[in-house]
Every structure is written in C-alpha cells, then in structure tokens.
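Construct all of the structure, not just a fragment, from the sequences and the given hints.
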Amino acid sequence: MKSAKITDDRTIWVRKMFQRNLKDGTTFDNLMKDLVITNTADGKISAEMLIQEHHLNRRQLIHGGMLALMTDVCGMLAVYSKGMHNPGSSTDINISYLSSVGNGDTLLMDAECIKLGKNLAFTIVEIRNKADRKVVAQGRHTLFVANAHNDPENLFKIVHAKM
2 MKSAKITDDR
12 TIWVRKMFQR
22 NLKDGTTFDN
32 LMKDLVITNT
42 ADGKISAEML
52 IQEHHLNRRQ
62 LIHGGMLALM
72 TDVCGMLAVY
82 SKGMHNPGSS
92 TDINISYLSS
102 VGNGDTLLMD
112 AECIKLGKNL
122 AFTIVEIRNK
132 ADRKVVAQGR
142 HTLFVANAHN
152 DPENLFKIVH
162 AKM
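Residue numbers for the sequence shown follow the numbering used here, beginning at 2 and rising by one.
There could be a bad hint or two in this list.
What the hints assert, rightly or not - Okay, derived cross-link-like pairs now, DSS-like style, lysine-lysine, Cα gap no bigger than 27 Å in a straight line: (1) 34 <-> 131; (2) 17 <-> 34; (3) 131 <-> 17; (4) 45 <-> 135; (5) 45 <-> 17; (6) 34 <-> 24; (7) 45 <-> 119; (8) 24 <-> 45; (9) 116 <-> 17; (10) 116 <-> 45; (11) 45 <-> 131; (12) 17 <-> 119; (13) 45 <-> 34; (14) 135 <-> 34.
Rather than coming from a laboratory, the hints here were simulated on the basis of the structure.
Written as structure tokens, this is what we have:
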C-alpha cells in the first residue's frame, strides 16, 4: 500500500509544481493552462490537452512552437516527477515534427526523464493525436539540474549512484 501513497504524492506534487508555473496567468507557459496531467510515475508523466485556436498557425494547424513548448513543459514535468522542487533551466531542446493536428484535436503527451545526472537531466517526449494515436512529434529536452539536487523543498531525496 505504501507504493500507492508515493504515487498519489507524486501526482499531487507534479500537479502542484505545474500550477505554480502558471500562477500569474501572463507567462508564455499559460498557453499550456489546459494541460491535464493524467498519470505520473518515478521519472514519467502522461498528459493530454485540447488544441484550440490560439495554438494554431496561420494555416490553422498546430504551431511548431507550440509542440516545442509542449516538449519543454512535459520534459520539465518528468523531472518534477523525480521529486525536484525546481528542476533548473533548459540547455537543449530538439523536436522532430512528424504530423499535424488542428483546432479541436486532443493531444496525448508521454514524457520520461531517461537520466537524472549530477548536472543534467535528459528527457524524451512523445506527442500523439488522441483520435488515431498517430505520432505528431517526438522531442528531447535537456535541463541543467546541478543546483536543484540540494533544494530543501525537494519532495523525495534524490540518490545518485557513484560515477
């Protein structure tokens, strides 16, 4: 039963950290305000979001910058799911655009922190169309986390193997 409690705590934690990022309603991240975090695990999150007119480009398709923002935010959420209070700054982001979606489509995002090192966290993000499960984009996001490891507000003690 203890693992269910940790999972619940982790989900609450990730949602709380996400809401903290949106708190003033005026930042660029506010484009993600309709993101719903559906599942969390150690280093993993799943989420979904309805695409609306303000997410589109002039051709009425999702803007590439919006897919990059989804990769950035979901990668960060995967690091949050490791228990970090403030995961740090982006150092690299790469997105492969594979398909497109339009207004009214719902996207599913699965993000994983594949390595949490002493200095950097590496994440991968896959974005799919909920209707047909077609991959829309795949992203990789790296964050500088060296200063975050000793944050007293971290949810879980982060332990590293000796390198």
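Cross-check of the supplied hints:
1. Restraint check: the Cα-Cα separation between residue 34 and residue 131 comes to about 18 Å, which is no more than 27 Å; the hinted pair holds.
2. For a cut-off of 27 Å, the pair hint linking residue 17 to residue 34 stands: about 13 Å separates their Cα positions.
3. Restraint check for residue 131 and residue 17: satisfied, since their Cα atoms lie roughly 25 Å apart, inside the 27 Å limit.
4. At roughly 20 Å between alpha-carbon atoms, residue 45 and residue 135 fall within 27 Å of each other, so this suggested pair holds.
5. Restraint check for residue 45 and residue 17: satisfied, since their Cα atoms lie roughly 16 Å apart, inside the 27 Å limit.
6. Restraint check for residue 34 and residue 24: the C-alpha separation of about 10 Å stays at or below 27 Å, so the hint holds.
7. Note on residue 45 and residue 119: the hinted pairing holds, with a Cα-Cα distance of about 19 Å set against a maximum of 27 Å.
8. At roughly 23 Å between alpha-carbon atoms, residue 24 and residue 45 fall within 27 Å of each other, so this suggested pair holds.
9. Between residue 116 and residue 17 the alpha-carbon distance is near 23 Å, which keeps this suggested pair within the 27 Å criterion.
10. Taken as a hint, the residue 116 and residue 45 pair is honoured in the structure, with Cα atoms around 11 Å apart against an allowance of 27 Å.
11. Distance hint between residue 45 and residue 131 is fulfilled; the C-alpha atoms sit about 19 Å from each other, no more than 27 Å.
12. With a CA separation close to 24 Å, the supplied pair residue 17 and residue 119 stays within the 27 Å bound.
13. The suggested pairing of residue 45 with residue 34 holds, with an alpha-carbon distance near 20 Å, which does not exceed 27 Å.
14. Of the supplied pair hints, the one linking residue 135 and residue 34 holds, its CA atoms being roughly 23 Å apart against a limit of 27 Å.
Every hint, counting from the list given before, is met by this structure.
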